[in-house]
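Visitor: Here is what each chain is made of, one letter per residue.
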Amino acid sequence: MKSLKILISLIVFALFLSVGIGNSIAADGKAVVDSKKCGGCHKMQGPPDKTIADVLKRKAPDLFYAGSKFKEAWLVGFLQKPTMIRPAGTVYLNNIKMGEKKDEIGDVKPCASALSKDDAEAVTKYLMTLKEPTMKAGVIVDDTFSKAKAKVLFGQKEGCSGCHRDKADSGGTSCPTLYNAGERLNPDWIFDFLKNPQKYDPKIWMPRRELSDEDFMLLAKFIASMK
Amino acid sequence: MKKVSLMVLSIMFLGLMITPLAIAEKAEDNYKLYCFQCHGSKGNGGGINAASLSTAPRDHTSATEMKKLSDDNIFTAIKEGGAAVSKSTFMPPWKSILTDAEIKDMVKHLHGLCKC
Chain A
1 MKSLKILISL
11 IVFALFLSVG
21 IGNSIAADGK
31 AVVDSKKCGG
41 CHKMQGPPDK
51 TIADVLKRKA
61 PDLFYAGSKF
71 KEAWLVGFLQ
81 KPTMIRPAGT
91 VYLNNIKMGE
101 KKDEIGDVKP
111 CASALSKDDA
121 EAVTKYLMTL
131 KEPTMKAGVI
141 VDDTFSKAKA
151 KVLFGQKEGC
161 SGCHRDKADS
171 GGTSCPTLYN
181 AGERLNPDWI
191 FDFLKNPQKY
201 DPKIWMPRRE
211 LSDEDFMLLA
221 KFIASMK
Chain B
1 MKKVSLMVLS
11 IMFLGLMITP
21 LAIAEKAEDN
31 YKLYCFQCHG
41 SKGNGGGINA
51 ASLSTAPRDH
61 TSATEMKKLS
71 DDNIFTAIKE
81 GGAAVSKSTF
91 MPPWKSILTD
101 AEIKDMVKHL
111 HGLCKC
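Residue numbers (the working numbering), protein chains in the order written: chain A, 1 to 227; chain B, 1 to 116.
Treat each hint with caution, since some may be false.
To be verified - In silico lysine-lysine, DSSO-like type, Cα no more than 27 angstroms apart, as pairs:
| no. | chain 1 | residue 1 | chain 2 | residue 2 |
| --- | --- | --- | --- | --- |
| 1 | A | Lys102 | B | Lys87 |
| 2 | B | Lys115 | A | Lys157 |
| 3 | B | Lys95 | A | Lys151 |
| 4 | B | Lys104 | B | Lys32 |
Think of the hints as simulated: they come from the structure by calculation, not from any bench.
Being a predicted model, the structure only gives us computed values, none of them experimental.
Just chain B, same shape as in the assembly (with noise of 0.2 angstroms):
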């Protein structure tokens, strides 16, 4: 019995050193690597990729553009990418790389870029 239960233990210290940790970002971090890119550093859509996109990125400093979504429909527009809430597909699904903690930081750091 002591065997196994040492066996179980054993079989779970390895699992925790093989599975991956998932370390969670700061919203502000998480948009610079992943967001700058189309978006910009400014938030106004001019990232080194926007030339490149047949639809613009959007402007997250427009209070005006972004008050026209809801909360729910950034959350999913981040998540599961822009063809989920009818928008570009050139805005990919996020869930591979955050957490839906993460997106939900980053719903936050977009009213902060819009103060809205």
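One chain only, chain A, in its complex shape (with noise of 0.2 angstroms):
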């Protein structure tokens, strides 16, 4: 009796120091966040922009929800070496070519500051804690789907390739990657997205879609798939 009295306060204080490790290795993730003055480039808290004239000034992607729509594994990979996602950079139309006849991708780059392995780390401790308030999780329980049924919505009903690429050599250019998209993304996120994009960004070049919860399922799946 005696000995579980002192393995359940052992488990307590393990635990209770653990929470305090996270929170302080996300004070740390602040501060690095801080120094190198990431706020400059992204929003890294609400509300989101409202108008045509903000959009157009913005940078970098919003962070204030990084927690919500990030895969941690995948962002402590992204910050040491940052990679392009959308392929005509943050807002397309900053970096377009126009021409004539059609218009092309001007010269976009990645984000410039990686982060060695600890600062990564703690910055993605801290970009964790950054909440979508409204946000469900748990939503997507499991990866079982009709890949066909998806394919057909995907492609065909709703067109989301002519905006996106779905491999990593066809689909449109103005909205971010999605062929890697499973690897980043949290599927209880994509379907909240997919549900509302105007909710997290009001003036985002993508519009809402009317359809089922199934169909907003299917799709949050298929492109949580996408590896």
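Each chain sits in its own coordinate frame; assemble them with the hints.
Guide: In structure tokens, the structure reads:
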């Protein structure tokens, strides 16, 4: 009985310690974000931009809901070696070369602030604390779905590949690539974002679709399966 | 009674603070942010996404093509998407972003592009 009490006390102590350490790492991450002036390009707190004029001033994606959006493991790797997620940059309109017959993507580069492994881990801990309060977690509980139905919905009915790259060498370029979305995005966030992109970004150039929850779920699972 | 009125006023004020106010934009600016991606900066269908579309985006500068469409047809295509007028599903419904008034302005803007 005594040993059980000691064991329980140890577990409680270990939990307390791990929460404390987690909070401390997140605080370190916040300090790195501040020192690197990430907020100079990224919006670190809401509300989102409400006018086109403000959207056009945007230099990098909003991060004030990063903890709802991203997968932790992906963030740690990305922060050490940032890559292009949006082929035409954060706001495509700011990065196109306007031609007489057709437009082309201009010179776009990924974020130049690569972090050390320790800093990337600390910043990730901090970013994972930035949540969208209304997003429901645990909505997508499995990865079973009809790939055939999902492909029709994604490619034909909703035309997602018109704006998103669904393969490394095909698909649209004005929006984020999706062929690797499963590594990057939290499936619950994909579902929530698909249901109402304007909740996250009122002026984003992806309008809301009127689909059933079942179809939103199907699309979210399909996108989450892209790895 | 005074307390109740104050409470109602407070709730209304809070509601105003929380409700995102839709800000009407000029048709030209809406066209740039939402339409350039497929229809191109010149409106001729040469947007950066055009190559990925199985149906070419409409050339808004072509009077011949645009004259075939009524204003109601264009309005519905923008508001409800291409599928609503038996056209490409790559044209999405924009009603979650553009108000009816903004779409009406957009129809006028398109007449300016085709000079028709």
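Visitor: Going through the earlier hints one by one, which of them does the structure break, listed in rising order?
Guide: As far as the earlier hints go, only 2 is violated by this structure.
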